[in-house]
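Taken in order, these protein sequences are the chains called A and B. In this note's numbering, each number is its position in the first sequence, counted from 1, plus 367. In this note's numbering, each number is its position in the second sequence, counted from 1, plus 367.
Do not take every clue at face value.
Where chain A lies over chain B, by a calculated footprint (3+ residues, C-beta under 8 Å) [what the hints assert, rightly or not]:
hint	region
1	417-429
2	473-484
Computed footprint of chain B on chain A, listed as stretches where at least three residues anywhere in the stretch have a Cβ under 8 Å from a Cβ of chain B [as the list claims (entries may be wrong)]:
hint	region
3	433-446
4	471-485
5	504-518
6	522-528
7	539-550
8	637-649
9	657-664
Because the hints were derived from the structure by calculation, they are not lab data. These numbers come from a predicted model, not from an experiment. Note that CB positions come from ideal geometry on N, CA and C, so glycine has one too.
Protein chains: 2
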Amino acid sequence: MATSTIDLSLADIYDLAKTTLLKHGANEENSEAIANTVTTAERDGSISHGLFRIPGYITGLKSKKVDGTAKPEIEQVTPIIFRCDAKSGYAPIAHQYSLPPLIDAAKNFGLAAVAIQHSYHFAALWPEVEKIAEAGLVGLTTVSYLPWVAPSGGTTPIFGTNPMGFAWPRAGKNPIVIDMATASMAMGEVMIAARDGHEVPLGTGLSASGELTTDAAEIIKGVLLPFGGHKGSAIALMVELLSGPMVGETFSYETQKGDNANEGPARGGQFILAMSPDILSGKNSNDQTDRFFERYDAIEGARLPGARRHKNREDKGPRAVNAALIETIKQLRDNSEEVIVE
Amino acid sequence: MATSTIDLSLADIYDLAKTTLLKHGANEENSEAIANTVTTAERDGSISHGLFRIPGYITGLKSKKVDGTAKPEIEQVTPIIFRCDAKSGYAPIAHQYSLPPLIDAAKNFGLAAVAIQHSYHFAALWPEVEKIAEAGLVGLTTVSYLPWVAPSGGTTPIFGTNPMGFAWPRAGKNPIVIDMATASMAMGEVMIAARDGHEVPLGTGLSASGELTTDAAEIIKGVLLPFGGHKGSAIALMVELLSGPMVGETFSYETQKGDNANEGPARGGQFILAMSPDILSGKNSNDQTDRFFERYDAIEGARLPGARRHKNREDKGPRAVNAALIETIKQLRDNSEEVIVE
Chain A
368 MATSTIDLSL ADIYDLAKTT LLKHGANEEN SEAIANTVTT AERDGSISHG LFRIPGYITG
428 LKSKKVDGTA KPEIEQVTPI IFRCDAKSGY APIAHQYSLP PLIDAAKNFG LAAVAIQHSY
488 HFAALWPEVE KIAEAGLVGL TTVSYLPWVA PSGGTTPIFG TNPMGFAWPR AGKNPIVIDM
548 ATASMAMGEV MIAARDGHEV PLGTGLSASG ELTTDAAEII KGVLLPFGGH KGSAIALMVE
608 LLSGPMVGET FSYETQKGDN ANEGPARGGQ FILAMSPDIL SGKNSNDQTD RFFERYDAIE
668 GARLPGARRH KNREDKGPRA VNAALIETIK QLRDNSEEVI VE
Chain B
368 MATSTIDLSL ADIYDLAKTT LLKHGANEEN SEAIANTVTT AERDGSISHG LFRIPGYITG
428 LKSKKVDGTA KPEIEQVTPI IFRCDAKSGY APIAHQYSLP PLIDAAKNFG LAAVAIQHSY
488 HFAALWPEVE KIAEAGLVGL TTVSYLPWVA PSGGTTPIFG TNPMGFAWPR AGKNPIVIDM
548 ATASMAMGEV MIAARDGHEV PLGTGLSASG ELTTDAAEII KGVLLPFGGH KGSAIALMVE
608 LLSGPMVGET FSYETQKGDN ANEGPARGGQ FILAMSPDIL SGKNSNDQTD RFFERYDAIE
668 GARLPGARRH KNREDKGPRA VNAALIETIK QLRDNSEEVI VE
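Can you build the whole structure from these sequences, using the hints too?
This is the structure we're talking about:
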């Protein structure tokens with residue numbers, strides 16, 4: 368069964384996102400930051416983080432748990448440590464405020480970190496680590512979420528899907544960008560599979576009764592598993608610690624207690640680290656890393672992380688967007704009795 | 368077939384290691400640092416990093432590629448960045464010199480890193496990250512090695528077994544410690560399996576002809592695979608970048624070009640990062656993390672990383688060591704014509 372799609376230009380995607388957000392109480396600055404994140408996801412072919420997320424963003428605004436007018440506050444704790452109170456807003460505005468001082472400090476001292484608190488992160492992680500890499504720095508970030516993932520060997524969820532992002536800068540080229548859930552599959556992908564009636568690989572998760580299943584809808588009711596057995600589970604634990612107590616925020620299981628369990632994201636923390644290879648190494652390694660990446664690219668069957676997105680990005684034309692999704696968003700945008708008045 | 372073992376006290380293990388190293392040209396300071404690393408591995412039941420490594424350490428000294436009298440030099444690049452020239456010595460002495468300033472800087476500024484160069488790392492990573500955690504800091508470290516691991520989807524090796532270590536501090540308790548190769552299995556474990564004639568799980572690696580095999584000896588001649596498919600492969604890539612160009616050192620494939628291909632380790636870099644959760648978060652999260660770890664521990668079938676080692680550590684008694692290995696080491700120690708005269 369082919370899914371019906373409609374072609375939208377990137378400008379149309381941005382406008383649809385922004386106007387829908389504005390209609391539901393987000394201010395200009397927040398709407399633009401979120402619309403930009405959504406549009407870059409569609410541009411790069413990362414559809415599970417594109418317009419697909421708009422209904423969730425709107426649900427969060429409608430329930431008033433997320434403040435669409437949030438103005439983040441940045442505290443400089445030491446010359447290299449920043450704490451960003453996202454003021455219960457969505458993450459893109461927190462990044463817009465905190466990345467510039469983070470990047471400046473890392474360029475001067477070699478390392479810098481920002482602890483983002485009280486943020487609703489509902490997007491991929493590559494936008495923020497790519498921005499860090501575009502400044503010639505290595506970016507590393509982690510986020511935790513609601514407790515949907517059981518540790519290796521167990522059936523009780525304790526981890527979020529716990530993504531991590533990592534970007535390595537390349538002079539004059541797109542950075543190398545890793546962005547992966549430490550869950551076997553991102554919940555966004557499981558949701559897409561459930562919506563479209565596709566099976567997921569065995570090992571993705573367990574049903575509510577603790578059985579392995581390929582039915583995405585059953586896994587949404589049950590529990591996800593980490594990727595890669597006990598090693599992937601250890602990485603999920605690391606992400607849980609970095610995104611929670613490292614930044615003064617909640618563990619996924621604590622996040623759940625404070626959430627209203629609607630369809631939007633839950634409030635939590637984000638850890639972002641920027642590192643300067645030039646300062647650490649004492650030299651410019653661009654030629655050395657270019658040779659390595661060329662060698663890697665020459666291996667049949669291997670693919671550099673982020674390369675597919677960067678290739679999709681070259682296409683400046685329209686994107687084929689799920690027609691039912693566009694209809695849903697337009698109804699959200701045009702159905703005025705649903706508007707939250709500030 | 369039961370392997371023949373001999374009981375050795377921890378003091379005897381230390382003495383056997385130290386006197387053997389001294390006999391082969393390592394000085395007092397280096398011999399003690401290495402013997403300490405080897406003994407703590409045996410103490411914790413991490414036998415693939417215990418006395419099992421001594422013949423390799425000695426091979427490195429005998430071939431003169433490793434300097435057993437190395438005195439590392441530390442350069443402070445910025446208030447939080449250190450570069451440690453390990454002077455072609457084994458890693459334990461580089462850690463002994465570089466961890467104290469690293470820890471001090473991280474306690475003052477919130478983050479600090481050391482780029483270790485020209486080091487021969489032939490041990491587990493938990494000793495160094497545990498020391499950082501014992502100072503109340505989070506430790507993260509990576510090392511690359513010789514190109515033994517193919518990226519996901521390929522059959523040509525480009526990654527080292529690329530371990531990463533991570534430790535989270537706990538007040539008055541052992542830290543949580545992750546120490547894992549990003550290869551499906553550490554080469555040390557594959558070597559043990561080959562020695563003892565044990566099979567390894569399918570997926571561990573490919574034979575020289577590119578076929579999946581459970582024969583550890585065939586994999587040593589072929590190529591290892593990363594853990595966890597393309598996600599584990601991405602983590603292996605991250606470790607490769609952090610351990611090479613991030614610290615001004617070689618990629619695994621470059622390391623191989625400069626190595627004499629004997630049985631000892633190869634020279635390379637190490638990235639070590641120390642981070643203060645207290646400074647980043649603005650609070651003490653010990654009670655919060657204790658509650659999380661208790662919750663985790665209550666999940667049937669789940670195990671906290673490092674817990675098995677810490678339990679083994681409680682036993683102050685002798686350790687059962689492979690008898691043939693002890694004989695090999697004693698011959699190395701007592702066979703005077705093999706001694707390198709300084």
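To see whether the hints hold, each was checked on the structure:
As drawn, the region 417-429 of chain B meets chain A at 0 residues by the rule of a beta-carbon pair under 8 Å; below three, the given contact is violated. Remark: the region 473-484 of chain B is confirmed as covered by chain A, as 7 of its residues place a Cβ nearer than 8 Å to a Cβ of that chain, reaching the required three. Counting residues of the region 433-446 of chain A whose C-beta lies closer than 8 Å to any C-beta of chain B gives 3; at least three are required, and the coverage claim holds. Using a Cβ-Cβ cut-off of 8 Å, 7 residues of the region 471-485 of chain A lie near chain B, which meets the minimum of three, so the contact claim holds.
Coverage of the region 504-518 of chain A by chain B holds [criterion: at least 3 residues with CB-CB distance below 8 Å; count 3]. Check result for the region 522-528 of chain A against chain B: holds, 3 residues qualifying (beta carbon to beta carbon below 8 Å, three or more required). Taking a C-beta to C-beta cut-off of 8 Å, the region 539-550 of chain A contributes 4 residues in contact with chain B, enough for the three needed, and the coverage statement holds. Against chain B, the region 637-649 of chain A contributes 8 residues with a C-beta closer than 8 Å to a partner C-beta. That satisfies the three-residue criterion, and the hint holds.
Check on the region 657-664 of chain A: 3 of its residues sit with their Cβ under 8 Å from a Cβ of chain B, so the three-residue criterion for coverage holds.
Violated hint for the displayed structure: number 1, the only one.
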